[in-house]
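Take the given structure of chain A and dock chains B, C, D and E to it, following the hints.
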Amino acid sequence: MLLGKIVGTVVATRKTESLEGLKLLLVKNIDPKAKESAGYVVAADAVGAGMGEVVLYATGSSARQTEGTNNRPVDAIIMGVVDTWDIEGKTMFEKYQSVETADV
Amino acid sequence: MLLGKIVGTVVATRKTESLEGLKLLLVKNIDPKAKESAGYVVAADAVGAGMGEVVLYATGSSARQTEGTNNRPVDAIIMGVVDTWDIEGKTMFEKYQSVETADV
Amino acid sequence: MLLGKIVGTVVATRKTESLEGLKLLLVKNIDPKAKESAGYVVAADAVGAGMGEVVLYATGSSARQTEGTNNRPVDAIIMGVVDTWDIEGKTMFEKYQSVETADV
Amino acid sequence: MLLGKIVGTVVATRKTESLEGLKLLLVKNIDPKAKESAGYVVAADAVGAGMGEVVLYATGSSARQTEGTNNRPVDAIIMGVVDTWDIEGKTMFEKYQSVETADV
Amino acid sequence: MLLGKIVGTVVATRKTESLEGLKLLLVKNIDPKAKESAGYVVAADAVGAGMGEVVLYATGSSARQTEGTNNRPVDAIIMGVVDTWDIEGKTMFEKYQSVETADV
Numbered sequence: 001m002l003l004g005k006i007v008g009t010v011v012a013t014r015k016t017e018s019l020e021g022l023k024l025l026l027v028k029n030i031d032p033k034a035k036e037s038a039g040y041v042v043a044a045d046a047v048g049a050g051m052g053e054v055v056l057y058a059t060g061s062s063a064r065q066t067e068g069t070n071n072r073p074v075d076a077i078i079m080g081v082v083d084t085w086d087i088e089g090k091t092m093f094e095k096y097q098s099v100e101t102a103d104v
Numbered sequence: 001m002l003l004g005k006i007v008g009t010v011v012a013t014r015k016t017e018s019l020e021g022l023k024l025l026l027v028k029n030i031d032p033k034a035k036e037s038a039g040y041v042v043a044a045d046a047v048g049a050g051m052g053e054v055v056l057y058a059t060g061s062s063a064r065q066t067e068g069t070n071n072r073p074v075d076a077i078i079m080g081v082v083d084t085w086d087i088e089g090k091t092m093f094e095k096y097q098s099v100e101t102a103d104v
Numbered sequence: 001m002l003l004g005k006i007v008g009t010v011v012a013t014r015k016t017e018s019l020e021g022l023k024l025l026l027v028k029n030i031d032p033k034a035k036e037s038a039g040y041v042v043a044a045d046a047v048g049a050g051m052g053e054v055v056l057y058a059t060g061s062s063a064r065q066t067e068g069t070n071n072r073p074v075d076a077i078i079m080g081v082v083d084t085w086d087i088e089g090k091t092m093f094e095k096y097q098s099v100e101t102a103d104v
Numbered sequence: 001m002l003l004g005k006i007v008g009t010v011v012a013t014r015k016t017e018s019l020e021g022l023k024l025l026l027v028k029n030i031d032p033k034a035k036e037s038a039g040y041v042v043a044a045d046a047v048g049a050g051m052g053e054v055v056l057y058a059t060g061s062s063a064r065q066t067e068g069t070n071n072r073p074v075d076a077i078i079m080g081v082v083d084t085w086d087i088e089g090k091t092m093f094e095k096y097q098s099v100e101t102a103d104v
Numbered sequence: 001m002l003l004g005k006i007v008g009t010v011v012a013t014r015k016t017e018s019l020e021g022l023k024l025l026l027v028k029n030i031d032p033k034a035k036e037s038a039g040y041v042v043a044a045d046a047v048g049a050g051m052g053e054v055v056l057y058a059t060g061s062s063a064r065q066t067e068g069t070n071n072r073p074v075d076a077i078i079m080g081v082v083d084t085w086d087i088e089g090k091t092m093f094e095k096y097q098s099v100e101t102a103d104v
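Same order as they appear, the protein sequences are chains A, B, C, D and E. The numbering of the first sequence is our numbering, which starts it at 1 and goes up by one. The numbering of the second sequence is our numbering, which starts it at 1 and goes up by one. The numbering of the third sequence is our numbering, which starts it at 1 and goes up by one. The numbering of the fourth sequence is our numbering, which starts it at 1 and goes up by one. The numbering of the fifth sequence is our numbering, which starts it at 1 and goes up by one.
A few of these clues could be false.
Given that identical chains are not distinguished, each listed pair holds provided it fits within a single copy or across any two copies.
Unchecked claim - Cut-off 30 Å, straight-line C-alpha distance, at most; resulting in silico cross-link-like pairs (DSBU-like, lysine-lysine):
(1) Lys23 with Lys90
(2) Lys35 with Lys90
(3) Lys33 with Lys90
(4) Lys28 with Lys90
(5) Lys23 with Lys35
(6) Lys95 with Lys33
Quick caveat, the hints were computed from the structure, so don't treat them as lab data. This one's a predicted model, so the numbers in the text were calculated from it and none came from an experiment.
For reference, chain A alone in the conformation it holds in the complex:
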């Protein structure tokens, strides 16, 4: 899984039938040291993630291992909203602090 930040939504009216009802979010990759990094992905949302939230996403066939994405042509899924992570004992990100400082 990788860490990302929800930065937007993608709207596609004309799509394969099996995609109906899925929310597609634009996720920018973030480095574990809480800096943004290159790259992005459009992922289906399995947890009701909101704009600006930091999330975990999985890719490949693993993205189809949820009720909402089973057997659908989806290769990226947001499956968790991140509260916090640390590196060598130091907290690198905290959701509620981050909301205030918006530094992620």
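Relative to the frame of chain A, chains B, C, D and E by itself:
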């Protein structure tokens, strides 16, 4: 999923039987900030995407999760035509505006 | 799928039993603008591709979706010989012209 | 599989139901010559790996081939704690020596 | 599949049960022009490859398509020992010559 722009078609007369009838399109990757980026993919078309349209495509085994690609040796599928996306509340791409300005 | 050019063959006498009978070709990636690009792959051949031909190959589990590769430890398959492709209406590659000029 | 070092933990309270009970660790890639390299992954832990340990992790659908991750939207799994490896006969890493010198 | 050279072994005593009995080798990527290139992988060995041998390895779910790796959390498999390959008619690598000159 990733964002791409349909830039061409690929014709292959001699191919595995299971590929018969699939339309293969050349898709150039585009960055969510609506600039073209490096890289391309040849993808099967599940939505009747037209030249110049901006699309969503999925890769890997997820590309086989449509009626037309099931059990076929296909690793990339166009499964949506993008109408619009935004980044942090700002519209980055709109299909109909884009057709006029052709800036994507 | 990606575009590649057949540049050689790979011989492996000592191999897993399930690989017996598969032809393994060395494929150099080519850019859709018909320049060679970095990277290569060794792919199983499902279409009888010949030296110098430009092909389409698929990777991952999709490479096992042919009669000859089903259930085999193969992660890349050549499943089409390319005749032609175009970018924005301009022909970038034509098989028969290319054979003469050998510029791909 | 790739080599990595456990550098932290990731906490996500709001997540898909199927992720309940999985421990998610932050793994920094390491080069076989025992230098850290770019890149990281968040992986589920199948072996009870501890902070600072050097591990092997697998990605993709292979990450679901354990009792704890079967049918879950998980694309990276820690499936071994590394004791030692060598390159051309020279020991590059030893777990117990490394704990003392902490040079990995 | 990609070409690699066996440069070492990896020992992991504490691992998931399903990995018992698998030999894990350190494989350095090699370029088809017979120069070493960046990158490595730890792969399970399905053919009894020896130190210094040049091999073919497959990744992803294809790595589980052998008797020894079926349903195991393994994402890379050595499935052939390479005897020779050529590029545009010129032999780039020959196993037995290479043993003498050790230039790969």
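Hints versus structure:
1. Lys23 with Lys90: Between copies, since 18 Å is at most 30 Å while 34 Å is not.
2. Lys35 with Lys90: both (15 Å within a copy, 21 Å between copies)
3. Lys33 with Lys90: This pair counts as both: shortest intra-copy Cα distance 10 Å, inter-copy 27 Å.
4. Lys28 with Lys90: Classified as both; 23 Å inside a copy, 15 Å across copies.
5. Lys23 with Lys35: For Lys23 and Lys35, the Cα distance is within 30 Å both inside one copy (26 Å) and across copies (24 Å).
6. Lys95 with Lys33: Both. Shortest intra-copy (14 Å) and inter-copy (26 Å) distances satisfy the 30 Å Cα cut-off.
In summary, this structure violates none of the numbered hints.
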